[in-house]
Amino acid sequence: MENPDKKYEDFVRLFLQAEPGLRGLLRVLLPSVTDVDEVLQETSLVLWKKFDRFEMGTSFSAWASVIARFEVLKYRRERARDRHVFSDEVVELLGAQVVESGEALARERRALQTCLTKLRDTERALVTAVYTRGAAMKEAAEVTGRSVAAAYKALSRIRMALLQCIEREMRKEVA
Amino acid sequence: MSEWESFAELCAAHCDGRLTEDQRGLLEQRLKSDEAARAFFIRYMNLESALDGCGSPTGQEWAQVPQPAVLPALRWLPWALAASLAALLAFVFLSGPARDPLRAAPRPDSAGVALLASAVGAVWETAELGAGASLPPGRIKLRAGLVRLEFYSGATVLLEGPADFELRSIDLAVCHSGKLRAIVPAPAAGFTILTAQARLVDLGTEFGIEVAENGPAEVHVFDGRVEVHPPTGPVTPAKADLTAGRAARIDQAGQILDIPADPTRFISAPEAAAQAEADATLQFARWREARELWKDDPRLLAYFDFERNGKARRLNSLLRDKPEMSGTIIGCRWVEGRWQGKDALEFKHPGDRIRLTLRQPVAGGAGTPAAVPRPDSKAEKAERAEQQHLPALTFAAWVRVDSIDQPILSLLSADGERRGSPTWQITGEGKLQCVLHRLDRKYPAPWVSTTPPVIDSMQIGRWLHVALSLDTRSGRVCHYFNGRLVEMATLPDRRPLRGGAVELGNWGRPAAKDAHLIRRFNGRMDEVMIFGAALDEPSIQQLYHVGRPAS
Numbered sequence: 001m002e003n004p005d006k007k008y009e010d011f012v013r014l015f016l017q018a019e020p021g022l023r024g025l026l027r028v029l030l031p032s033v034t035d036v037d038e039v040l041q042e043t044s045l046v047l048w049k050k051f052d053r054f055e056m057g058t059s060f061s062a063w064a065s066v067i068a069r070f071e072v073l074k075y076r077r078e079r080a081r082d083r084h085v086f087s088d089e090v091v092e093l094l095g096a097q098v099v100e101s102g103e104a105l106a107r108e109r110r111a112l113q114t115c116l117t118k119l120r121d122t123e124r125a126l127v128t129a130v131y132t133r134g135a136a137m138k139e140a141a142e143v144t145g146r147s148v149a150a151a152y153k154a155l156s157r158i159r160m161a162l163l164q165c166i167e168r169e170m171r172k173e174v175a
Numbered sequence: 001m002s003e004w005e006s007f008a009e010l011c012a013a014h015c016d017g018r019l020t021e022d023q024r025g026l027l028e029q030r031l032k033s034d035e036a037a038r039a040f041f042i043r044y045m046n047l048e049s050a051l052d053g054c055g056s057p058t059g060q061e062w063a064q065v066p067q068p069a070v071l072p073a074l075r076w077l078p079w080a081l082a083a084s085l086a087a088l089l090a091f092v093f094l095s096g097p098a099r100d101p102l103r104a105a106p107r108p109d110s111a112g113v114a115l116l117a118s119a120v121g122a123v124w125e126t127a128e129l130g131a132g133a134s135l136p137p138g139r140i141k142l143r144a145g146l147v148r149l150e151f152y153s154g155a156t157v158l159l160e161g162p163a164d165f166e167l168r169s170i171d172l173a174v175c176h177s178g179k180l181r182a183i184v185p186a187p188a189a190g191f192t193i194l195t196a197q198a199r200l201v202d203l204g205t206e207f208g209i210e211v212a213e214n215g216p217a218e219v220h221v222f223d224g225r226v227e228v229h230p231p232t233g234p235v236t237p238a239k240a241d242l243t244a245g246r247a248a249r250i251d252q253a254g255q256i257l258d259i260p261a262d263p264t265r266f267i268s269a270p271e272a273a274a275q276a277e278a279d280a281t282l283q284f285a286r287w288r289e290a291r292e293l294w295k296d297d298p299r300l301l302a303y304f305d306f307e308r309n310g311k312a313r314r315l316n317s318l319l320r321d322k323p324e325m326s327g328t329i330i331g332c333r334w335v336e337g338r339w340q341g342k343d344a345l346e347f348k349h350p351g352d353r354i355r356l357t358l359r360q361p362v363a364g365g366a367g368t369p370a371a372v373p374r375p376d377s378k379a380e381k382a383e384r385a386e387q388q389h390l391p392a393l394t395f396a397a398w399v400r401v402d403s404i405d406q407p408i409l410s411l412l413s414a415d416g417e418r419r420g421s422p423t424w425q426i427t428g429e430g431k432l433q434c435v436l437h438r439l440d441r442k443y444p445a446p447w448v449s450t451t452p453p454v455i456d457s458m459q460i461g462r463w464l465h466v467a468l469s470l471d472t473r474s475g476r477v478c479h480y481f482n483g484r485l486v487e488m489a490t491l492p493d494r495r496p497l498r499g500g501a502v503e504l505g506n507w508g509r510p511a512a513k514d515a516h517l518i519r520r521f522n523g524r525m526d527e528v529m530i531f532g533a534a535l536d537e538p539s540i541q542q543l544y545h546v547g548r549p550a551s
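Protein chains in written order, with this note's numbering: chain A, 1 to 175; chain B, 1 to 551.
Since the hints were made in silico from the structure, they are not lab data.
Computed from a predicted structure; not experimentally measured.
Some hints could be false.
Unchecked claim - With a cut-off of at most 30 Å between alpha-carbon atoms, the simulated DSSO-like pairs for lysine-lysine come out as follows:
| hint | chain 1 | residue 1 | chain 2 | residue 2 |
| --- | --- | --- | --- | --- |
| 1 | A | Lys49 | A | Lys74 |
| 2 | A | Lys118 | A | Lys138 |
| 3 | B | Lys431 | A | Lys138 |
| 4 | A | Lys172 | A | Lys138 |
| 5 | B | Lys295 | A | Lys6 |
| 6 | B | Lys431 | A | Lys172 |
| 7 | B | Lys311 | B | Lys342 |
| 8 | B | Lys348 | A | Lys7 |
| 9 | A | Lys50 | A | Lys6 |
| 10 | A | Lys74 | A | Lys172 |
| 11 | A | Lys118 | A | Lys49 |
| 12 | A | Lys7 | B | Lys431 |
| 13 | B | Lys342 | B | Lys431 |
| 14 | A | Lys74 | A | Lys50 |
| 15 | B | Lys179 | B | Lys239 |
| 16 | B | Lys295 | B | Lys239 |
| 17 | B | Lys431 | A | Lys49 |
| 18 | B | Lys348 | B | Lys239 |
| 19 | B | Lys32 | A | Lys74 |
| 20 | A | Lys74 | A | Lys118 |
| 21 | A | Lys7 | A | Lys49 |
| 22 | A | Lys153 | A | Lys138 |
| 23 | B | Lys348 | A | Lys6 |
| 24 | A | Lys50 | A | Lys118 |
| 25 | A | Lys153 | B | Lys32 |
| 26 | A | Lys118 | B | Lys431 |
| 27 | B | Lys311 | B | Lys295 |
| 28 | B | Lys295 | B | Lys342 |
Chain A extracted, bound-state conformation (with noise of 0.2 Å):
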């Protein structure tokens, strides 16, 4: 029988490198973060579960995101009906995409921390106040001085800003 701490270790080391990976996908499939939080805390149990069963050597990432993609289906089944989370076959549909451009979209998520610091002061007000955590848009406009419209409408042209910004980006990297 193996080590169990050695186990343990490697374990924890191999799902704190697939994290943000992980989360990263469970936010295309799932309407809200607080739906990603319950449903990586499940991944996360199933995987150490089953840890047993992985080979050490293949890809964790890989297999973590079979795993995750089922306990969406499962957690839309269960618990969700009600809570907008898309049908099995969108679910399935963009979890494969995901997966196929795993790499491009840990690259593109790297490179968000260069595209934030070009925001506008202003802009990284709004974005600092929406996505701190807890915190409601309403909050998030009151402190910005917006209404709740114009702060909406802010955050979606700063999305945008940032995806041409990451796309700039990434072109750099090619080059």
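Fit chain B to the known structure of chain A by using the hints.
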């Protein structure tokens, strides 16, 4: 990407949870039938997932939380709201409404234009800034003290408080009021300072400016040449051309009057450097005084000041009544710490680490022989186990990160990852992270709490204060960076924390083949405090303020 505008609106509404039933149907239909739409949606949501948790300030000095003295009410607001409010206030302080003509220029993007090279006795009216900060365009107001700004064009400005100064770009700044000396080497020629009455274009020189509030400005040229232009309008032939040894007063009407030059009124670069050094000496002394006071804090389990005191391989805790908490140094190198004359340990090699045992102090206190190697009785074993259970912990450390070159840099980690033992580390993205291992049988996966990115490229090579508190009674876990609360989380259960053998600056076996098993910290440590209680935010702030190095 513009062809995606309308679909992006659907994606945005989906992110924000404000889709109507119809829109939801539309989105779902599009995702089902259109591969390109799926690709766009995936990138959009991937961005969303990366943004989530980017909330609190990411090492942006502009967005520092104001001092509690300024806004005491903030502490009582929900944390998330307080942080965003504070970020906003810092922003408002700095920008202000655009009323006077000097402020009419549009603000370019906020990439840094100058480095705050040093700050001596600085009292800020605007958000507090620390040496090493990269300053984007914006206004800084200094009540007192001396700061040295190094513009990325190569120009240096020594600004003396009280002053109201505005950075516009790498070669343009506005002096609203106050006194400064500008040192402009040849490559930075063209560096321009605006005042209400004049545009001073520097042609590779050294000069002083003093601007009275709503009053006249004086320009003293010590070296080289300065052109005086009207403050607005196109750059026309200079109204005046001042050469070395000359000075002029420009009144509110823009009239230029020759006056005698007086270089002694403006602090010189060597004087400023001497002041910075004296200030560092003073800070070092102040920290030493504070250390003597903290030493008596009964909540401390161990206090390492990283002063070598002749002992090369042992890191002594300052607490004489708790000697069992001394550390053993493996590898590492003694180097200079936050101040000249302060020792620190450097971690570079995979084996470098400090080992110590984390536990409750032995009842009876002083003089108890710590570790005499002899067979343990059952009772002793039980007692030891009991000592390893801790209801709360706070780690606070001064560290210098030299490079984030691995997925994980370990600050402190438990040997063997036993149940309830904490690990504290920095991730490759510059986030602080706390991992608690195997909380119980039902939840065997590690519990992780991670901050937004706090250590960016600007923080590399600077001394940083990091702290983590865990309280199993309230269930609260708090991360601090440079005295600021940057993340809060709730423990999944209320079991006590586990002490035992821990390592500073490393984890695992040095010979591990797998690169990810090495979590070597790459940098220096020069102070580590471990408390058996959860310190509150004001205490952490105090630790930061008293230990903050000059530059």
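A quick look at each hint next to the structure:
1. A:Lys49 - A:Lys74: Holds, because 17 Å separates the two Cα atoms, which is no more than 30 Å.
2. A:Lys118 - A:Lys138: Answer holds: Lys118 (chain A) to Lys138 (chain A) is near 25 Å, not above 30 Å.
3. B:Lys431 - A:Lys138: holds (28 Å)
4. A:Lys172 - A:Lys138: Between Lys172 (chain A) and Lys138 (chain A) the Cα gap is close to 37 Å, so the pair fails against 30 Å, i.e. violated.
5. B:Lys295 - A:Lys6: Roughly 38 Å separates the two Cα atoms, so the pair is violated.
6. B:Lys431 - A:Lys172: holds (25 Å)
7. B:Lys311 - B:Lys342: holds (15 Å)
8. B:Lys348 - A:Lys7: holds (28 Å)
9. A:Lys50 - A:Lys6: holds (16 Å)
10. A:Lys74 - A:Lys172: Outside the cut-off at roughly 40 Å; violated.
11. A:Lys118 - A:Lys49: Given pair Lys118 (chain A), Lys49 (chain A) is violated - Cα atoms ~43 Å apart, limit 30 Å.
12. A:Lys7 - B:Lys431: Within the cut-off at roughly 26 Å; holds.
13. B:Lys342 - B:Lys431: The hint holds at about 27 Å.
14. A:Lys74 - A:Lys50: holds (17 Å)
15. B:Lys179 - B:Lys239: Answer holds: Lys179 (chain B) to Lys239 (chain B) is near 22 Å, not above 30 Å.
16. B:Lys295 - B:Lys239: The given pair, whose Cα atoms are some 64 Å apart, is violated under the 30 Å limit.
17. B:Lys431 - A:Lys49: Holds, because 28 Å separates the two Cα atoms, which is no more than 30 Å.
18. B:Lys348 - B:Lys239: violated (58 Å)
19. B:Lys32 - A:Lys74: holds (20 Å)
20. A:Lys74 - A:Lys118: Given that 30 Å is the threshold and the Cα spacing comes to 40 Å, the pair is violated.
21. A:Lys7 - A:Lys49: Holds: Lys7 (chain A) and Lys49 (chain A) sit about 12 Å apart, inside 30 Å.
22. A:Lys153 - A:Lys138: holds (13 Å)
23. B:Lys348 - A:Lys6: Holds. Lys348 (chain B) to Lys6 (chain A) sits at ~25 Å (cutoff 30 Å).
24. A:Lys50 - A:Lys118: violated (43 Å)
25. A:Lys153 - B:Lys32: holds (26 Å)
26. A:Lys118 - B:Lys431: Holds: Lys118 (chain A) and Lys431 (chain B) sit about 20 Å apart, inside 30 Å.
27. B:Lys311 - B:Lys295: holds (20 Å)
28. B:Lys295 - B:Lys342: Answer holds: Lys295 (chain B) to Lys342 (chain B) is near 18 Å, not above 30 Å.
Comparing the model with each earlier hint shows violations of hints 4, 5, 10, 11, 16, 18, 20 and 24; every other hint is respected.
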